[in-house]
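Sequences and hints are given; from them, build the entire structure.
Chains A and B are the protein sequences, given in the same order. Quick note, the first sequence lines up with residues 960 to 1407 if you use this note's numbering. Quick note, the second sequence lines up with residues 1034 to 1282 if you use this note's numbering.
Hint data in this document are derived by calculation from the structure and do not stem from the laboratory. We treat Cβ as the ideally placed atom computed from N, Cα and C, and that holds for glycine. No incorrect hints appear here.
Label pairs and their in silico Cβ distance ranges:
(1) B:His-1119 x A:Val-1375: 34 to 40 Å
(2) A:Arg-1392 x B:Val-1090: 27 to 33 Å
(3) B:Ser-1190 x A:Lys-992: 19 to 25 Å
(4) A:His-1357 x B:Val-1206: 41 to 47 Å
(5) A:Asp-1393 x B:Val-1206: 31 to 37 Å
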Amino acid sequence: MSRVPHPRAARHLLADLARTSWHDKAVWHVRRKRDAAAAEVSDWEALREHARAVRRHGLDHLDELVADLARNAARHGVVVHWAPRAADLRQVVGQLLTDRGVTRVVKSKSMLTEECGLNPHLAALGIEVADTDLGERIVQLRGEAPSHIVMPAIHLERTEVGRTFHTHLGTEAGESDPTRLTRAARRDLRQHFLHAQAGITGVNFAVAEDGALVVCTNEGNADLGAQLPPLHIACMGIDKVIPRRADLPVFLRLLARSATGQPITAYTSIFRGPRPGAELHLVIVDNGRSELLGDPDLRAALTCIRCGACLNTCPVYRRSGGHSYGESVLPGPIGAVLGAARSPDTHGDLAHASSLCGSCREVCPVGVPLPEQLRVLRERAAGARPWWERVGLRVMAHVLADPVRAERWGDWLARVSGWLPARMPRGLPQPKRDSFRRLARARKRHLD
Amino acid sequence: MRIGLYVPCFVDRLAPEVGMAAWTVLERLGVEVVVPDDAPACCGQPFCSSGRPELAVELPGAMARSFRSVDAIVLPSASCTAFIRHHHLALARNIDRAAVSRAPRVWSFSEFLWTGLGLRTLPGRLDARVGLHPGCHGLRELGLGRPSEHGPGAPESVDPVAGVVGCIEGVTVVRAGRVDECCGFGGIFSATEPAVSERMGRDRLAAFAGVDLVVSEDPSCLLHMKRFKTTGPRLLSMPELVLSALDAP
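Encoded structure:
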């Protein structure tokens, strides 16, 4: 395992006190915007419950829904591809592009293509991919992974963005004005849009009953990428399917409010089929989702709509930063669940990157029981914990199993704790010489 | 009414005064209190949060047996209460299942005062600005108050901790800017993620700048925050706060 475990990776951000405060505040601000947006919906909790029910129903019928989606999309001229594993997505997309001699691609935000490692694969094929979401473009230029599902560059201050743009886009040294930096990015991206031979997008929701593919952005970048080049490749996980068109508004209302506090995303585009003379391909990816579907304790994680609200509310994420979760998975509570579920050997430690405060479950628009799932994942990865933790828990269980033994050990601990070296963890509470039980016995004797 | 007072492992050894205060308060409110000698030392939550429930399967049964003669069990810890109420039956599996399912209802201390006893007034007076720190499990699992995540249409909730604090004349209740942010204790979390846990504790303390007292239904949160406290408000558990109000002239 080459990944740095979360507790150690977290120190990278935490070592910088001011930066941690700033990151925490910036992300918390989005949580507050979400609260305000939720407060404006008179039946918010009912909407959440409805969405949860639709998504759970969708899981129970996922096979039929995905088949319906593929059939209905194909009826409108969408070419459907199946990608059981990440490698299949890379292969399908790479083949589509090389067959057509494509060398320049624009891509709007898709966590799925991050999950499947598409960009490096296409680069190896000699295909230039420009990420067109502003945040994702910034991290792409820096050679970093996104640190948030919705705000990929939330870990960066504007002066850092300014330096990146100065290096890569030729903005003036020292320029950090957000408007001028955004204009520079837009000028650069415009050229990529105009010269791209293909556009790759993700899919926020896919409607089974009519084959509609729904893409939500705030920058319109997915629309330019899908409309200008003659080839549009949409990539989705099987979990993105929803049953009916009538369900769509429920999720659009919840997604934008939960993600950023907006009533709706600035651009919500529904693709039914290719434009005349153009091609629309849909790659439907499994990559471990079916296995998760067969896991009764964890399957609800497949109902996630990738709003990022659990990240924004998570006191751990806000202080450890998105990169502490490792680069191949989503960050935050949902990333910890999916990462530890899919790759227990390399990401099992993420199940412990939570104080189990429960805020993520309450904020989640579809009610994924994230803390309960993290508990389950802790059980499954218990054997891989460090030796001191395993031994410590066994000793503790032995001691606490018998109240008399517990008192004897407690007395001993109270005696020796005074001698412990000063290098013990900061200010651990001092065990008292007289336990409650001893005081209680004395009090009872006194009363008798 | 006979209640059993259950004092969890960490309170027993790290903050016994909290258990004693709970006992005194309950007796002064006219409740008959039983403290069984054979109650298990721990409710089992630390093992379940660490992914090792098999180390704790016998605790629910032992607990149910030692409290079988009381009408209700009261704990000076909302987190342990939530664990017992919601997880003990599952944890017990097939060991003493019948006894565990017949175990008396568990109450968190303030919940018992406010909802169980219907306490609405307290004698004495305390002139203080009191910051309330809701423990996460009390808030989101026991439903002691309304989690800040909830939007319109959430079920009505009562906050027994704020209720009991409000019974004390002279108290001004202050809410932290982030009303229910976690203090970073999280049991095993404070050992496995010490850096994040410490930062959360420091931030939570800082959120209460300017108050005289920080009060919580969860002594575990207070013990965690105390580790990083140099100056600032006193940290006080609910039983201690109520006792000091009862003792006030």
